[in-house]
Amino acid sequence: MATVELKQVTKEYPNGYKAVHGIDLQIRDGEFMVFVGPSGCAKSTTLRMIAGLEEISGGEIYIGNRMINNLPPKDRGIAMVFQNYALYPHMSVYENMAFGLKVAKLPKAEIDKRVREAAEKLEITELLHKKPKEMSGGQRQRVAVGRAIVRKPDVFLFDEPLSNLDAKLRVSMRIRITQLHKELQAAGQTATMIYVTHDQVEAMTMGDRICILNYGKIMQVDTPLNVYNYPQNKFVAGFIGSPAMNLIQVRVIKTNGGVNLRLADELELTLPPAKAQYLLDYDGKTIWFGIRPEHISLVNADDNTTGSTIHGAVEIVEQMGNESYIHFSLNGVSLVARTAQFGSQTLQQGQDRVAFRFLLEHCHLFDLDTEENIGLK
Amino acid sequence: MKTNLRSLLFFLSPALILLSVFLLIPIGAAVYMSFNKIGVEALIDPQTISFVGITNYTQIIFHDELFRKALLNTVIVLVIAMPLTVALSLSLAVLINSKLTKFSSLFRVGFYLPAISNTIAVALVWKWLLNGDYGLINYLLSLVGINGPQWLTNEHTAIFTIIMLVVWKGIGPNTILYMAALSSVPDSVKEAAEIDGASAWQRFIKITVPMLAPTTTYISIMLLIGYLQLFEEPFMLTGGGPVNSTTSIVMLIYNEAFKYFNFGYASAISMVLFFIIFAVSLIRIKLTKLGS
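From first to last, the protein sequence lines stand for chains D and G. Residue numbers for the first sequence follow the numbering used here, so the first one is 1 and each next one is one higher. Residue numbers for the second sequence follow the numbering used here, so the first one is 1001 and each next one is one higher.
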């Protein structure tokens, strides 16, 4: 059983700075959990506390049924892959992978078997005699992963392992690690993985669940799609997704038929009833209105569908090849739309009166003060 | 092309002149002198210089008891002082770098002070501290009932007193070098070893020390060259005595050249010393390359 449980875990540095504020989290046996968040959100600190490389100021951490707060790293049943690989430069690949096993005084034959198996799995058998400095970044990171595998840990910890690699290699390593997780599980080996990254693409594509952190607090823990589709708060909404969700302050105006959102003077959107129902108590108040770029579409300039189509001025069009990001403004409010429509190719910077339709059934509404998603209450 | 060569020589000339006057010409002169018999009278009458071929060398290598004694003394200092300086410098660097050590900059300054102090002045102070009859060290020992030896005039303790002084002086700069090297060992590598289950000692011996190998090689070669050229400490503390028990090779060169005015013979000893340093350094570098 390689569940990981954090109960009210805190981290406070001697200078009084509180990095982690009472985190509660349960990671299931065999789960691939991704910690994601901006710099300084304490994702690495939390991982290092699980590893035993950082002291825990308060709370409890369990791996399986054991509380590991006071156990040294080697006794926690973990293996870790570092951002800068952290290979032993004076040792060959084989020695790097075998080091932990030698320290644990495993029989030579067993060490050899494990190292060769892991090397084969990671396709680094031909590198076993090489020193780290003779290898590329991607190869080094595979060795680092290999060094973790041979220990057969209960929990794998990854601390931004792909950050030092170039974009192309990152994609292939991302897939390799995900495959590895599946392979280990298929082989009956416990493979609970905790993966720290600041890259939301890694988080979305690799994790069974994502834990989004900010300022040492958990903002949301859920599956990638749920996090994307149902962000619990404004931070998650803005952090996950690229280009980021459009977030603007709007005033709620109750009308006879429902609820309108005033974006700017003479610019109002009418919420569909399914969304309007959440704002009954918000009449006259300001809230955060969020809509993903893909939920704003280009329509014909003569489309005047009241309540959901608005005319704006195009500021910049970013052509991505398969799609375009159209940055436009509505009475001084800047927004971005994402569209695959060919119409965007003919758009020009500064073009006025371009019609955008807002797919309001997909919009998100956040309380101005708590920044919680009103629709998820 | 001609103009190029001219301007090249023009710009290089300051360095070339300095190099020639202070290095190339003296080296050439020493080589020349080592094959000749040159006494003090040669300064007035160069006609007295006589070519003796390799006689100086054969004399030094096969017949000179004093050279053997000086070589032995120098080797004793080298063999004991070099590993001791390396080990102590590394230990101190680790201690000062430790998070548990407070006032580490104070220690850094403290340990570096001997290196920037004038050896002659320092040796004079030590000479008094170590004085068998009136020295502070023997006085302190007498307080705990120990009758301290005649540190500098006893044939058996004198060489160890010299060793102590050179080690004390050598620790400072090498500690600083090791501290810089230690800070370049990434924390993550040590953490990886910690997760791999290595104890603090294993991490030090199997990870940190090998990663410091380039610094250790540099330090040991510098010490090797320095200790083989041992001069100021025995010159000031013991004058090479008692019974030549602290005479080093460089002291012997000094004595031959400036006490007995055997310039040719002294030059030949210098050449022999040069080849010893050259050979030992070469072996050390080869060994390091083999090791890595």
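Do not take every clue at face value.
What the hints assert, rightly or not - Distance condition first, Cα-Cα at most 30 Å in a straight line; then the derived DSS-like pairs of lysine-lysine:
#1 G:K1069 / D:K74
#2 D:K182 / D:K18
#3 D:K105 / G:K1037
#4 D:K108 / G:K1037
#5 D:K105 / D:K168
#6 D:K18 / D:K168
#7 D:K121 / G:K1206
#8 G:K1037 / D:K18
#9 G:K1206 / D:K102
#10 D:K105 / D:K74
#11 D:K133 / D:K168
#12 D:K275 / D:K254
#13 D:K152 / D:K133
#14 G:K1206 / G:K1289
#15 D:K121 / D:K133
#16 D:K133 / G:K1286
#17 D:K18 / G:K1206
#18 D:K168 / D:K74
#19 G:K1286 / D:K74
#20 G:K1206 / G:K1190
#21 D:K113 / G:K1190
#22 D:K133 / G:K1206
#23 G:K1069 / G:K1286
#24 G:K1289 / D:K133
#25 D:K168 / D:K108
#26 G:K1102 / D:K102
#27 D:K108 / G:K1206
#28 D:K108 / G:K1102
#29 D:K105 / D:K130
#30 G:K1259 / D:K131
#31 G:K1289 / D:K7
#32 G:K1037 / G:K1069
#33 D:K74 / G:K1099
#34 D:K121 / G:K1069
#35 D:K133 / G:K1190
#36 D:K130 / G:K1206
To be clear, the hints were calculated from the coordinates, so they are not data collected in a lab.
Hint check:
Proposed proximity of G:K1069 and D:K74 is contradicted: the alpha carbons are some 55 Å apart, above 30 Å. Note on D:K182 and D:K18: the hinted pairing is violated, with a Cα-Cα distance of about 37 Å set against a maximum of 30 Å. Restraint check for D:K105 and G:K1037: the C-alpha separation of about 67 Å exceeds 30 Å, so the hint is violated. The suggested pairing of D:K108 with G:K1037 is violated, with an alpha-carbon distance near 67 Å, which exceeds 30 Å.
For the suggested pair D:K105 and D:K168, the alpha carbons sit about 39 Å apart, so the restraint of at most 30 Å is broken. Only pairs whose Cα atoms come within 30 Å are accepted, and D:K18 paired with D:K168 is rejected, the gap being roughly 37 Å. The suggested pairing of D:K121 with G:K1206 holds, with an alpha-carbon distance near 27 Å, which does not exceed 30 Å. Restraint check: the Cα-Cα separation between G:K1037 and D:K18 comes to about 80 Å, which exceeds 30 Å; the hinted pair is violated.
Pair hint G:K1206 plus D:K102 holds up; C-alpha atoms about 12 Å apart against a cutoff of 30 Å. Between the alpha carbons of D:K105 and D:K74 the distance comes to roughly 13 Å, so the proposed pair stays at or under 30 Å and holds. Between D:K133 and D:K168 the alpha-carbon distance is near 21 Å, which keeps this suggested pair within the 30 Å criterion. In summary, the hint linking D:K275 to D:K254 is supported, as the alpha carbons are separated by about 13 Å, within the 30 Å threshold.
For the hint pairing D:K152 with D:K133, the CA-to-CA distance comes to about 26 Å; that is within 30 Å, so the pair holds. Taking the CA atoms of G:K1206 and G:K1289, the gap is about 18 Å. The hint holds against a cut of 30 Å. Taking the CA atoms of D:K121 and D:K133, the gap is about 22 Å. The hint holds against a cut of 30 Å. Distance restraint check for D:K133 and G:K1286: the Cα-Cα separation of roughly 21 Å lies within the 30 Å cut-off, and the hinted pair is therefore satisfied.
The suggested pairing of D:K18 with G:K1206 is violated, with an alpha-carbon distance near 35 Å, which exceeds 30 Å. This hinted pair does not check out: D:K168 and D:K74 have alpha carbons roughly 34 Å apart, beyond 30 Å. Taken as a hint, the G:K1286 and D:K74 pair is broken in the structure, with Cα atoms around 38 Å apart against an allowance of 30 Å. Annotation: proposed proximity of G:K1206 to G:K1190 holds, straight-line Cα distance about 10 Å (limit 30 Å).
Of the supplied pair hints, the one linking D:K113 and G:K1190 holds, its CA atoms being roughly 26 Å apart against a limit of 30 Å. Restraint check: the Cα-Cα separation between D:K133 and G:K1206 comes to about 18 Å, which is no more than 30 Å; the hinted pair holds. With a CA separation close to 28 Å, the supplied pair G:K1069 and G:K1286 stays within the 30 Å bound. Distance check on the hinted pair: G:K1289 and D:K133 sit about 16 Å apart at the alpha-carbon level, within 30 Å; holds.
Simply put, D:K168 and D:K108 have alpha-carbon atoms about 38 Å apart, too far for the 30 Å limit, and the pair is violated. Only pairs whose Cα atoms come within 30 Å are accepted, and G:K1102 paired with D:K102 is rejected, the gap being roughly 36 Å. Between D:K108 and G:K1206 the CA atoms are separated by roughly 18 Å; this keeps the pair inside 30 Å, and the hint holds. At most 30 Å may separate the alpha-carbon atoms for a hinted pair to count; D:K108 and G:K1102 exceed this at roughly 44 Å.
With a C-alpha separation of about 23 Å, the suggested pair D:K105 and D:K130 falls inside the 30 Å cut-off, and the hint holds. Distance check on the hinted pair: G:K1259 and D:K131 sit about 56 Å apart at the alpha-carbon level, beyond 30 Å; violated. Of the pairs offered as hints, the one joining G:K1289 and D:K7 is violated, with about 52 Å between alpha carbons and a cut-off of 30 Å exceeded. Taken as a hint, the G:K1037 and G:K1069 pair is honoured in the structure, with Cα atoms around 23 Å apart against an allowance of 30 Å.
At most 30 Å may separate the alpha-carbon atoms for a hinted pair to count; D:K74 and G:K1099 meet this at roughly 22 Å. Taken as a hint, the D:K121 and G:K1069 pair is broken in the structure, with Cα atoms around 64 Å apart against an allowance of 30 Å. Between the alpha carbons of D:K133 and G:K1190 the distance comes to roughly 18 Å, so the proposed pair stays at or under 30 Å and holds. Pair hint D:K130 plus G:K1206 holds up; C-alpha atoms about 18 Å apart against a cutoff of 30 Å.
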